[in-house]
Amino acid sequence: MNSLLRVEDLKTCFYTDAGMVKAVDGISYDIQEGETMGLVGESGCGKSVSALSILRLIPYPPGKITGGKVVFEGKDLLQISEDEIRDVRGNRIAMIFQEPMTSLNPVLTIGLQIGEALEIHRGLKRKETRDEVLKLLRMVGIPDPERRIDDYPHQFSGGMRQRVMIAMALSCNPKLLIADEPTTAVDVTIQAQLLETIKDLTSRLGTAVILITHNLGVVARYVNRMAVMYAGRIIESGPATEVYEHPRHPYTVGLLASVPRLDKPRVGRLVPIDGQPPDLIRLPPGCSFFPRCSHRMQQCSMERPELRIVGAGHLAACLKDLGS
Amino acid sequence: MTGQYIIRRLLIMLPVLLGVSLIIFIMVRIIPGDPSMVMAGPHATKDQVEQIRTQLGLDRHPVSQYFIFIGNLFRGDLGTSTRTSLPVTKEIMARLPNTLLLALASILIATVLGVLTGIIAGVKQNSKFDYLSMLVALFGLSMPVFWLGLMLMLLFSIHLGWLPAVGAESFKHLILPAITLGANSMAIIARMTRSSMLEVIRLDYIRTARAKGLKEKLVISRHALKNALIPVVTVIGLQTGTLLGGAVLTEIVFAWPGVGRLLVEAILARDYPVVQGVVLLVATMFIFVNLVVDILYAYLDPRIRYQ
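Chains A and B, in that order, give the protein sequences.
Just so we're aligned, residue 1 is where the first sequence starts under our numbering, counting upward by one.
Just so we're aligned, residue 1 is where the second sequence starts under our numbering, counting upward by one.
Rather than coming from a laboratory, the hints here were simulated on the basis of the structure.
Given the structure is predicted, the values throughout are model-derived calculations rather than measurements.
We put the CB at the ideal spot given by N, CA and C, even for glycine.
Treat each hint with caution, since some may be false.
[Said to hold, decoys possible] Among chain B residues calculated to face chain A with C-beta under 8 angstroms, some are:
no.	residue
1	I31
2	D34
3	S36
4	V38
5	Y205
6	R210
7	N227
8	D301
9	P302
10	R303
11	I304
12	R305
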């Protein structure tokens, strides 16, 4: 099957004074057309860096993509020229960032910021761009777009700003949308509305989505497939319901045990995962979850587990078979 | 809204200028020396000096002297120079165009070159251009103005003979003083622009702009520059204010007949009315430039709206 996006053994490092940080340490996954995939993990596990690496938006120095392939529509995005990748950015693959407050330019009107991608990728004239931007604003649910198109970001609420970001990202009708924690910075009540908007629009436009989040509740509801990252690697992936119902990696089990569930009766206390994520400069030689794992065996400190098939489309990187 | 704001700001100028007038009035009188004695000359008798003192009104109580000064000021009369017996306004007006010309030429050079250098150095951080330009800027900051003026004069006027050394007769006469006076401001502006640019290009919205597929040139010129220039405008404003205040050293080195030199001559001759007049004028221009800067702010940054 031909995937829309195939990431193969992607590695991204940051060179710091303290040493080389392996932020993304060889991750692989596929995304099919129109599919929604969740990329889950705690802060600093490499979710955002892996997403930024796809569009080569890692600031160099200190960051650098050191290996792997990112094949999109048959082309390796890591090999093409600067001009070619620019043509992909915002056009074929678009991004929504975490902080709508800081991700929009404070001194430019939102109309200009949304219209830019249309002007450069579709070559629209000023008037056409304006009409298109108004259509987009209406589409993402910003009331009274004619009056608001010339407003500046600070004149919008957090949720509205994120809607502006969504309009900007979807302006050129991309094949893939990367949403990097799109709802983390907004009120809980607004989060669901925004996610519904993203879901509605992308399914209507047939856009595939990579939804990056640390919120497992979000994942369960909005994605088809999910991948769990820990210390720069994917440690479990599979159909969302499957991973959610039958987690096979101790870290995923721990994550699920540490969040409240509304769909099940409340039983006892939430269980946090002990310890801290490992130092990415000095990763342990074996499984990076070893020091925190409640199922650890002697072998785990020496051998790094690779992803292996544990069910239908379900992969986990653990030496122990939690399923049995 | 903006109109009202400007009117209010102009009204606030009045008490500030009154304060300035009071301070300068007291300060010139604290300086040792007596204008009547300077005017009368070294061989004058005590009676002659006393007569001049009465003529100048210096025999009155300082408080009443101040009120007379303020009263005249509101009628646009800055008094008469004790040195030349010409009206102070006339003395200043004769010199002001030269000062304006020099200051504007300097700030123009400093702004254009400083901002350009700063942008390139910031965008190409750690490049040869960056290191070299910032080294030159450091020189520009540390170099005493009079020394730079003398060195330029030595090179371009005496050795090469390309430009005149002193005077203010033609455009050619303007070049060396303008560079001398602008060098320091240029260095400050270049460094400020660079650091501001460096700060801005790391921000999230620059990443957003790149993620849209914009060319780097557009990312810099449209998304980074306007944000980066906000602090630079303050610096340019302050520098303009300073330069308008008369560049005393530069004007003396190049024998440039401007307000700065007038001020020094007046101080040396204890010419109270001229000193007071010049300082008031400088203060007015400084406040005015600040107002312009504040208005420019609102233009650059839509988050700032004055009411």
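Consistency of the hints with the structure:
| no. | hint | verdict |
| --- | --- | --- |
| 1 | I31 | violated, 48 angstroms |
| 2 | D34 | violated, 57 angstroms |
| 3 | S36 | violated, 59 angstroms |
| 4 | V38 | violated, 56 angstroms |
| 5 | Y205 | holds, 4 angstroms |
| 6 | R210 | holds, 6 angstroms |
| 7 | N227 | holds, 6 angstroms |
| 8 | D301 | holds, 6 angstroms |
| 9 | P302 | holds, 4 angstroms |
| 10 | R303 | holds, 5 angstroms |
| 11 | I304 | violated, 10 angstroms |
| 12 | R305 | violated, 10 angstroms |
Of the numbered hints listed earlier, those contradicted by the structure are 1, 2, 3, 4, 11 and 12.
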